[in-house]
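Enquirer: Sequence:
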Amino acid sequence: MPVIHSDANQLQINARKARTRRTVWVWTGRIAFAVIVIGGWEIAARTKVLDPFFYGQPSGIWDALVTLFTKGTAFGSIWEQLWVTIQEALWGFVAGTIAGVIIGILLGSNRYLSDVFSPYIKIANSIPRIVLGAIFIVAFGLGIFPKILLAAVLVFFAVFFNAYQGVREVDQNLVANVKVLGAGPLQVARHVTIPSAMTWIIASLHTAFGFAIIGALVAEVLGAQKGIGLIISQAQGRFDPDTVFACMVIMAVFTLAAEYLISLLERGLLRWRPPVRSDAQSI
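The opening residue of the sequence shown carries number 1 in our numbering; numbering runs sequentially from there.
Hints in this document: simulated from the structure, not taken from any laboratory. Careful, some of the hints might be misleading.
Claimed, not checked - Taking lysine to any residue and the SDA-like style, the derived pairs with C-alpha atoms no more than 25 Å apart in a straight line are:
| id | residue 1 | residue 2 |
| --- | --- | --- |
| 1 | LYS48 | PRO241 |
| 2 | LYS122 | ASN110 |
| 3 | LYS179 | ASP115 |
| 4 | LYS122 | ALA203 |
| 5 | LYS122 | PHE161 |
| 6 | LYS122 | GLU169 |
| 7 | LYS17 | ILE36 |
| 8 | LYS122 | ILE105 |
| 9 | LYS48 | VAL35 |
| 10 | LYS71 | GLN236 |
| 11 | LYS122 | VAL218 |
Unchecked claim - Restraint-style ranges between C-beta atoms, simulated for each label pair:
| id | residue 1 | residue 2 | range |
| --- | --- | --- | --- |
| 12 | GLY182 | ARG22 | 43 to 53 Å |
| 13 | VAL116 | GLY40 | 21 to 31 Å |
| 14 | ILE123 | GLN236 | 28 to 38 Å |
Treat the numbers as computed from the prediction; the structure is a model and nothing was measured. Even glycine gets a Cβ: it sits at the ideal position worked out from N, Cα and C.
Generate coordinates for the entire structure from the input sequences, incorporating the hints supplied.
Expert: As structure tokens, this is what we get:
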């Protein structure tokens with residue numbers, strides 16, 4: 001028994017060492033890649049291989065970030081602009097997710113409704129989003145509502161198709177057995193359909209939040225009174241790529257933070273799911 005216990009401890013120690021080595025190598029690769037890309041970009045800009053007037057350069061982007069956070073913008077502080085964009089993206093994300101989940105589950109569970117509304121869903125999805133954004137701006141003005149609406153539309157389709165497909169992938173034998181036991185439609189949805197489709201739905205949220213950011217920014221570029229998209233639009237008009245990239249960096253940081261929170265939500269809601277290879281090896 002002591003020998004077996006000692007061997008188990010040694011295996012655990014070796015496993016921890018292997019995970020630590022892998023983590024170190026992964027972060028080394030990530031940092032090296034960033035250094036190569038940013039350093040190569042800076043060198044190319046300084047040697048005029050890339051024209052910084054059109055493509056900017058990392059040192060100029062850093063200066064633009066410092067300026068944005070210390071001196072603000074022509075429309076107010078950068079924090080005010082960021083908060084406006086975040087509100088639009090968050091409200092659009094919530095509205096689009098709720099609508100996508102409800103309609104996706106409803107149409108996925110009811111073949112008649114699916115056959116009736118399927119062509120209309122496809123037609124709506126085929127409309128270019130920038131056209132929708134322009135229509136929303138004209139119809140609802142320059143406030144935050146049209147930005148929320150465009151963000152919600154982008155999120156809706158990302159979530160809807162995953163929820164719809166997730167419901168269609170539910171084991172029908174399991175559904176039939178639950179019905180035989182006397183479960184009604186709501187009980188089937190609550191205890192079988194929704195939990196089974198939850199993996200698909202949660203997976204779509206990672207992509208959907210990026211779409212919410214895109215929707216808010218695109219609508220702000222088309223017409224706004226405040227927001228990061230407005231700063232990007234003004235910088236573009238001044239041929240100032242450094243400020244454009246600086247705004248992209250700000251939104252990328254916020255998106256990564258939101259992605260981390262969504263990952264925590266996924267782990268909490270899907271604790272019942274057996275660990276998969278990607279989860280076991282994730283950093």
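Enquirer: Hints first: check each against the structure and report whether it holds.
Expert: Results of checking the hints against the structure:
A C-alpha spacing of about 15 Å is found between LYS48 and PRO241, which places the hinted pair at or below 25 Å, so the restraint holds. In summary, the hint linking LYS122 to ASN110 is supported, as the alpha carbons are separated by about 17 Å, within the 25 Å threshold. Between LYS179 and ASP115 the alpha-carbon distance is near 24 Å, which keeps this suggested pair within the 25 Å criterion. Note on LYS122 and ALA203: the hinted pairing holds, with a Cα-Cα distance of about 21 Å set against a maximum of 25 Å.
Between LYS122 and PHE161, the direct Cα distance comes to roughly 11 Å. Compliance with the 25 Å bound is thereby established for this hinted pair. Between LYS122 and GLU169 the alpha-carbon distance is near 20 Å, which keeps this suggested pair within the 25 Å criterion. Straight-line distance between C-alpha atoms of LYS17 and ILE36 comes to about 28 Å, which puts the hinted pair past the 25 Å bound. As the CA atoms of LYS122 and ILE105 are separated by approximately 17 Å, the hinted pair is consistent with the 25 Å bound.
About 19 Å separates the Cα atoms of LYS48 and VAL35, which keeps this hinted pair within 25 Å; it holds. Taking the CA atoms of LYS71 and GLN236, the gap is near 19 Å; set against the 25 Å cutoff, the hint holds. Taken as a hint, the LYS122 and VAL218 pair is honoured in the structure, with Cα atoms around 22 Å apart against an allowance of 25 Å. In this structure, GLY182 and ARG22 meet the distance hint of 43 to 53 Å, their C-beta atoms being roughly 50 Å apart.
Separation of VAL116 from GLY40 is about 54 Å and departs from the stated range, judged on CB atoms against 21 to 31 Å. Remark: the range hint 28 to 38 Å for ILE123 to GLN236 is upheld by a beta-carbon distance near 32 Å.
Hints 7 and 13 from the list above are not met by this structure, while the remaining hints are.
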